[in-house]
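The lines below spell out each chain.
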Amino acid sequence: MTPSFLLLAFVTLAGAIGAMMLRQLVHCALALVVAFAGLAGLYLQLNAQFVGLAQVLVYVGAVAILIVFAILLTRGAGVDGGVATGSWRVGAAIAALVAAGLWLAIRQTPFLDRTAPPSAEAPVKAIGNRLMSDYVLPLEAIGLLLTAALIGAVVIAMPERKARP
Amino acid sequence: MSIVDFILALVREGAVTLWKWIGDQPEPKAGLLALFPAGWQPVVSAALSIAPILVVFPALFGLTTVVERKVLGRIQNRYGPNRVGPYGFLQFAADGIKSLTKEDVVPRAADKLVHFLAPLALLVPVLLTFSVIPFGRHATPLDLEAGVLFFFAVGAATELSVFMAGWSSRNKYSLLGAMRALAQMISYELPLILSTVAVIMVAGTLSTTGLVAAQAAAPGEWLAQWHVFTPWGLAGFVLFYIAALAEANRSPFDLPEGESEIVAGYFTEYSGFKFALFFMGEYLGLFATCGLAVTLFLGGWTAPVSWLDGVPSWLWFFAKLTALVLLSIWIRGTVPRLRMDQLMNFAWKFLLPLSLLNLLNAALWHYTGGGWVGWTLGLALIGGAYVALGRALFTGRKLARRQYRYAT
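Quick mapping for you: the protein sequence lines, in order, are chains A and B.
Heads up: the first sequence is residues 1 to 165, going by our numbering.
Heads up: the second sequence is residues 1001 to 1408, going by our numbering.
If you are wondering where the hints come from, they were derived from the structure by calculation, not from laboratory data.
These numbers were taken from a predicted model, which means no experiment stands behind them.
Where hints are given, some of them may not hold.
[What the hints assert, rightly or not] Under 7 Å between C-beta atoms, here's a sample of chain B residues computed to sit facing chain A:
(1) E1145
(2) A1146
(3) A1153
(4) E1159
(5) F1163
(6) L1206
Just so you know, even glycine gets a beta-carbon here, dropped at the ideal spot from N, CA and C.
All chains, full assembly: derive it from the sequences and hints.
Quick look at the structure:
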C-alpha cells in the first residue's frame, strides 16, 4: 500500500465511476480513458513495463479514439439533464451482489494463499524472444486474423459499384 | 548545518553539477543529491532531471518562433520581426506577454471543463516524451528498457487532446479540424512506427541509450556507424521525417488548421494563453519527434567522426536537432499545402508500402552484412519501389496545366 498505489487506485476507480455515472457519452469515454491510464500506471508500478506501455498505446491511444469516433458517427451524444445519472441504485445493488458472489467464489480457491514471486520482472527483450520462439504460431495466427479484419474493413468501406445488367 | 551554509553548499554543488554536465562527466547530479537526506533523493533527482527539460525546450520554442518568422521572411523576400530586441530576437517575449494578458474567451456553448483540459492534455504527454531522449552522454532523464515504446505510447495520448479541443468548442470548424487532425495523425503514425521498427530490428534494443550506443564509432574506426549511413537507414530517416512533420501538423501537412478552409481548425475557439499552450504543444511535439529522429538515425549525441569526440556531446545533439527544425522551417516556406485526398493517398499508398519494404531492406542489410552488396540491393529495392509506386499512383490521372478563370 504505497502512496503511489493508493493514488493510482483512486484515479482508476474515479475514472471507472465517472464512465458509469456521467450522462454525456463523450464525458463517459473521457472518464474511461482516465481509468485506462490509471490501470497502465498500476502495471508500471508492478514493474511490468511492456504491459503498462502497451496498455497506454492500445487503450489510451487507439481504443479511446475508436470509442470517440463510434459515438460521433452513431447519433447525437448530447443528453439534457444533470451531470450524473440518477438510476444508480439498482446498478449498485446488482454490482454488490456480483461482488459478493465473486468474493465467495474466490475464497474457496487457493488464490489467497499464494505469495508473490520474488522477482516478477519480465524484461521487454525476454517477452520479445518468447513471442518469436515459443509463441510464434499464435502470434502469426493473430496477425493473420488482424489482416483479414483489415481487408474486411477496407471492403466494407469501399464504394459499392453499381451492378451491371 | 545552518540554513546559510546549506544554501551556499547548494549553490556550490549546483555549479559543480552544471560544470560536470557541460563537461560530459558521469553522475553530474551526485554531489547535489548528497546534500539531501536519503528519503528525499529520488524526488530531488527527478526534479533535477525535469527542470532542464522545462527550461530548455520552452526557451527553444520561443527562439524557434522568431527564427521561423525570420527565415520565412527571407524566403518570401521580406524582413520578418526586427523591432523587439537585437535583430528582433526578443519578439517571443513580447508575444508571450501579449498572450498572457489577452482576454481568455470561452464560447458560451462550450463544454467548459473539457475545453480547459484540452491544452493541458496536449502539453503533458508531449513533455513526458522528452524524458526518454538521451540529450548527452550522461543526460538521459529516464533510461527505460522500453524507451522507444514509451515515446510512442505517451505520444499517442496527444490525439485525444485534439479531439477534446475540437469537440468541446461546439464549433463546426473546430470539430472538422479535429477530425482531419485525427485522421492524419492515425494515418501517419503507421509509417512513423514502421520506419522505427527497422531500426529496432537491426539494433536489437528498445532502449534509447542502447540505440545511441549501437551507433557510436567502432574502436579503431574513424566514421561513426549512424543508421542514416546505410540504405535502409537513409530511407527510414526520410520516411520518419516526413511522417514526423505530418504528426506535428507542420506544413505541408497543416490541413487541420488550414486557415483558408476551416479558420484555425481545432483551436479556432481558443484564445489568449490557452492558444499559446496549444502552439507550444505543437512545437514541443515537433522537437520531441525530431529528437527521436536524431536518436534513431543520426547517432544521438555521438560525433560523426571519432576525432571530434572532444566536442561536448549535448552540443552534437542540439546541433542535429536544430538542423532538423531548420529543415522543417525551410520545407514550410517551400512546399504548398496538400489536399485532403492527396494527404491520405500519400500516407496509405506511398509511405506505408515504402516503410514496409524498408523492413525487408533492413533484413537484407543484416543478412548480406552490409558492404557494396548491401548497398546495391538496398538502393535497388527502395529506389525501384519508389519509382514503381510513383508511376502506379500517377497513371490514369490527367495532369495538365491548371486553368485559371478570373472574374471579369
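(message) Checking each numbered hint in turn, tell me which of them this model violates, lowest number first.
(response) No numbers; nothing is violated.
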